[in-house]
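Peer 1: What follows is each chain in one-letter form.
Protein chains: 2
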Amino acid sequence: MIREKYARLAYHRFPRTTARYLGDQRVDSAPPEEGLPDFHPPPPQEDPYCLDDAPPNLGYLVCMQGGILFVYDNKKMLERQEPHSLPSPDLETYTVDMSHILALITDGPTKTYCHRRLNFLESKFSLHEMLNEMSEFKELKSNPHRDFYNVRKVDTHIHAAACMNQKHLLRFIKHTYKTEPDRTVAEKRGRKITLRQVFDSLHMDPYDLTVDSLDVHAGRQTFHRFDKFNSKYNPVGASELRDLYLKTENYLGGEYFARMVKEVARELEESKYQYSEPRLSIYGRNPKEWPKLARWFIQHKVYSPNMRWIIQVPRIYDIFRSKKLLPSFGKMLENIFLPLFEATINPQDHRELHLFLKYVTGFDSVDDESKHSDHMFSDKSPNPDIWTSEQNPPYSYYLYYMYANIMVLNNLRRERGLSTFLFRPHCGESGSITHLVSAFLTADNISHGLLLKKSPVLQYLYYLAQIPIAMSPLSNNSLFLEYSKNPLREFLHKGLHVSLSTDDPMQFHYTKEALMEEYAIAAQVWKLSTCDLCEIARNSVLQSGLSHQEKQKFLGQNYYKEGPEGNDIRKTNVAQIRMAFRYETLCNELSFLSDAMKSEEITALTK
Amino acid sequence: MIREKYARLAYHRFPRTTARYLGDQRVDSAPPEEGLPDFHPPPPQEDPYCLDDAPPNLGYLVCMQGGILFVYDNKKMLERQEPHSLPSPDLETYTVDMSHILALITDGPTKTYCHRRLNFLESKFSLHEMLNEMSEFKELKSNPHRDFYNVRKVDTHIHAAACMNQKHLLRFIKHTYKTEPDRTVAEKRGRKITLRQVFDSLHMDPYDLTVDSLDVHAGRQTFHRFDKFNSKYNPVGASELRDLYLKTENYLGGEYFARMVKEVARELEESKYQYSEPRLSIYGRNPKEWPKLARWFIQHKVYSPNMRWIIQVPRIYDIFRSKKLLPSFGKMLENIFLPLFEATINPQDHRELHLFLKYVTGFDSVDDESKHSDHMFSDKSPNPDIWTSEQNPPYSYYLYYMYANIMVLNNLRRERGLSTFLFRPHCGESGSITHLVSAFLTADNISHGLLLKKSPVLQYLYYLAQIPIAMSPLSNNSLFLEYSKNPLREFLHKGLHVSLSTDDPMQFHYTKEALMEEYAIAAQVWKLSTCDLCEIARNSVLQSGLSHQEKQKFLGQNYYKEGPEGNDIRKTNVAQIRMAFRYETLCNELSFLSDAMKSEEITALTK
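Line by line, the protein sequences give chains A and B. To convert a position in the first sequence, counted from 1, into my numbering, add 580. To convert a position in the second sequence, counted from 1, into my numbering, add 580.
Simulated from the structure, these hints should not be mistaken for lab results. Be aware that one or more of the hints could be misleading.
Copies of the same chain look alike in the list, so a pair counts if it fits in one copy or across any two.
[Claimed, not checked] Below, in silico cross-link-like pairs of lysine to any residue (SDA-like), each with a Cα-Cα straight-line distance of 25 Å or less:
1. Lys852 with Lys1092
2. Lys872 with Asp823
3. Lys1107 with Phe705
4. Lys808 with Tyr1163
5. Lys1092 with Asn886
6. Lys721 with Val778
7. Lys754 with Ile1149
8. Lys1065 with Gln801
9. Lys842 with Tyr729
10. Lys1092 with Tyr729
11. Lys1065 with Ser1127
12. Lys842 with Lys1092
Given the sequences, and given the hints that come with them, work out the whole structure.
Peer 2: As structure tokens, then:
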């Protein structure tokens, strides 16, 4: 119920079945996928860069208070401190909710109960598999024209700066050097620098370059060394090349990066059945980052029908603060969110950003989760406006303030009929288990979720709430957890809502088709059946930010309904037997709990 | 020494280093890669199908005796039973040699010694890795223009009938149905049958066909079920479709199969760095199989510079015998080998077969090794001429008689300056450990070798003799051994001569690039370094049937020399540090043994 509250507030998704058992009356009358962005991708014949449809200025004012942006109808209301009637988060309630869950996950009997239910779920699936494996396959065999290769798959977690594989980056660098060595590509202290000069200063001839000397691939050296992993983003170890080839802001206006991303997009379009949700960075150093990013997107025509964009915000306030680029954490939040409020209130004066936001479906929060923080987030914590120390706020602090601002923004956008954003942070890759508690409240879905392995209560909650988890076992294998120990298979069996994603093809993958490599290895190592693979693919479309219309096209008219009713095997190639099993199993778990609740209520009443 | 004797007799290969320690004086003067076929692939501008260069008839006669073909200079010599002076195998010696090795592998102290040396080899490599991993990578980084992607790789073990992946086969079937439904593709009891009729009789519309209904992929159901695996060669479970699409002999003269194989070949040629050694079947039912196969090859122009062919002989005498297609096992051997002797003695009258044999580099022996045989092969066994029972001869019997005939044939061909053949049987995939003893004597190299895991003595012998092993962990994973338990990594570490191969892309692989999938999964699951991968790739070229000239081009001028001297890092991307480690380690093991031998000799002398 707590998660449901936060999800509804932010227009995040919540499973209909679970909602029904929680007694939510709205479920059956609710429009499909209530919280989804109501944006439709432009039809192929339409110009995706048309700037003409920007709605007029509402004239609202925005002001940050305690790290959260508030909207005022006009100057007078601002002076009176009477915000526009949008829901606003309440830190006190939030910390109470948070501590409630924290108490729950350490409660002995609850742990035992959840542990047992999870074991039961796993055994139940084994039994299902033994009894129904062949029937499932028979269903799939008699399903015409659809197989694992032509069901839709979304790469639900991928960083744009690593979305090409190492060989692709290598070929691109060689190509630019061959075709335009004398082009000015940078400027340093007023001096223009050509591509040739860049490589000369690195004492390197790109003709000799190999994937070895490029050295962007993660190896055994990166295991438990996120710092080493981060430096793999620098080709040949040179940050100049990262700036030139993998950034949206540089002397070339990010042209090289845009070209490579577009090459990746063309491959997706040709593959026809693959989609991806690449992350682009907004750092919050400066409010100009947004218009520049929108400019990059439009100028280089980066739009692709097979890509939907997510904005990642690195949790590196401490670095900017120590370089004196920011006075407070509040300023960082303002730089990230104020431009979005302005573009939402007055799209006509922010046409490019307004346009770009149509293709952005969510936010991600990224960085090394294993970094320890001394600060314990509570309602006594200094608010972002007065968080001026050089210390980095903890993970949960970042998540709350990102959620709070996205929530207000979504409500404002919803009021205008504009698309909303999903909060999809990296969570549970490493570090403290409490990260998964924060995300349980604030996130629509998460990337990684490995540490659910360590908390039966949280894992069971993630199951009941069917929180989508984009997993990347190959990435984990290079950074945090050996492939054979990855819990993906176990999570899938229990019925958690998992998908497969690549994270960073540049660092982790070998073949031309990174997502297929991810599926192939999972299929081989864990002996997944075709039905398993197609269930994962279906999950990936469901948890993605693709529009309602696209999901109907890819999964079936009624995809938003739960159970076999919501499955169109002709599109998904998932057996109805499987769907029925999942649905009955979830209902069984939920009714157990709700029966227990009722009998407790009766006991209480009769006392 | 025993292995060396059999290798020299058959023009198989034997490592120079080991030979030197065995006191072989010929090593340093020996021509490079003595036993290799001296065939050169035609240069690109030349017609690979030119039938004009067939040498004249020698007029020799051939006659089978005791399962082995003997060559006679003329009729008179035949009558006198005086064969041409080619080496001829001697069953009695062979069984003595065989029992010697069998005694060795069960000898307690020898087992302990070998077990300890193998443990030592593994630990030594770990140490090498810890100390030199970064230096190796540094060497590779400073190696210009060459990386894992552009080193040559040979798929050393692949069956032609499964060399396309499932999606490729599916697409091809759909394409033929779409473009030529009314073509006559078969004949049954005098009635011509069109492609449409074939599918009508199967109650199937190829438009609806999917990889699921095609059902050629191995799944969990094939584990330890070689029988089920074999039936996966039938698309949609229909042997009609196997005959039509995956056979060289049928109403269309194998046109469809040839077209698919050529599509696979074109992809290899485009990839530029990948080669493959597909197996084509000769069953031995009938001597006409050979001219038909040669016809198929030439008529459909199946030649590709990136493929070299191997003939696989299934061990299914019992099936043919029970169907009364063969009177004895000797007849089967005759059907397999006599046409080759005839084409070697008189190429002018067997021009097509003579031409085809230029592109054939070896023989394979295939079937389910786990099938038990009641018969124990010895010099008391009935010889093939009188092996007329319905019982199948055991594995070791097959191997000996294949070896014996190949050996005589190679000597005859060598005398004429024609190419020789390597015997490369499937061995040690399952079944009895003694298979590996047979292959130790008779094979140039083997496919699989999994069971070396179970015998320290044999494993150590395979190490000392550097017997090439083409391993296919993805195939094993579906049939005999879980991926994580596959010994490839361990064998590689110890220094056994392993390569990676796909076996059956149709049944086992998911992506378009089966061999890359094989390398990628090995790299990910076992965290192999670039140097490991390139060492495997180099091994694959060495153990392949590519010509001396090609190996010089792909591995370096001196590739046949052992140790760092034989390595050209600019072509192989294998670090010299690694090469030196391997060489020193092997010399160390060998000198240990030879020192022990010497001191034993001295002890014997002074007694």
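Peer 1: Regarding Lys1092 and Asn886, is the shortest C-alpha distance of 25 Å or less found within a copy, between copies, in both, or in neither?
Peer 2: both (17 Å within a copy, 21 Å between copies)
Peer 1: I want to check one pair: Lys1107 and Phe705. Are their C-alpha atoms no more than 25 Å apart within a copy, between two copies, both, or neither?
Peer 2: within (15 Å within a copy, 31 Å between copies)
Peer 1: For Lys754 vs Ile1149, is the C-alpha pair at or below 25 Å within one copy, between two copies, both, or neither?
Peer 2: So Lys754 and Ile1149 pass the 25 Å test across copies only (22 Å; inside, 45 Å).
Peer 1: With identical chains, the pair Lys808 and Tyr1163 could be close in the same copy or across copies; at 25 Å between alpha carbons, which is it: within, between, both, or neither?
Peer 2: neither (43 Å within a copy, 33 Å between copies)
Peer 1: Tell me, please, which holds for Lys842 and Lys1092 at an alpha-carbon limit of 25 Å: within, between, both or neither?
Peer 2: both (15 Å within a copy, 22 Å between copies)
Peer 1: Please sort Lys721 with Val778 into within, between, both or neither, judging by C-alpha distance up to 25 Å.
Peer 2: Result: close only across copies, 19 Å inter versus 56 Å intra.
Peer 1: If the cut is 25 Å between Cα atoms, do Lys1065 and Gln801 qualify within a copy, between copies, both or neither?
Peer 2: Both, since 19 Å and 24 Å are each at most 25 Å.
Peer 1: How do Lys1092 and Tyr729 come out at 25 Å by Cα distance, when the copy is not named: within, between, both, or neither?
Peer 2: both (16 Å within a copy, 11 Å between copies)
Peer 1: Could you place Lys1065 and Ser1127 in one of the four classes (within, between, both, neither) given a Cα distance threshold of 25 Å?
Peer 2: neither (34 Å within a copy, 44 Å between copies)
Peer 1: Up to 25 Å between alpha-carbons, please classify Lys842 paired with Tyr729: within, between, both or neither.
Peer 2: Intra 23 Å, inter 23 Å, cutoff 25 Å: intra and inter.
Peer 1: At 25 Å max between alpha carbons, let me know whether Lys872 reaches Asp823 within a copy, between copies, both or neither.
Peer 2: within (15 Å within a copy, 62 Å between copies)
Peer 1: At 25 Å max between alpha carbons, let me know whether Lys852 reaches Lys1092 within a copy, between copies, both or neither.
Peer 2: both (15 Å within a copy, 15 Å between copies)
Taken one by one, the earlier hints fail for this structure at numbers 4 and 11, listed in ascending order.
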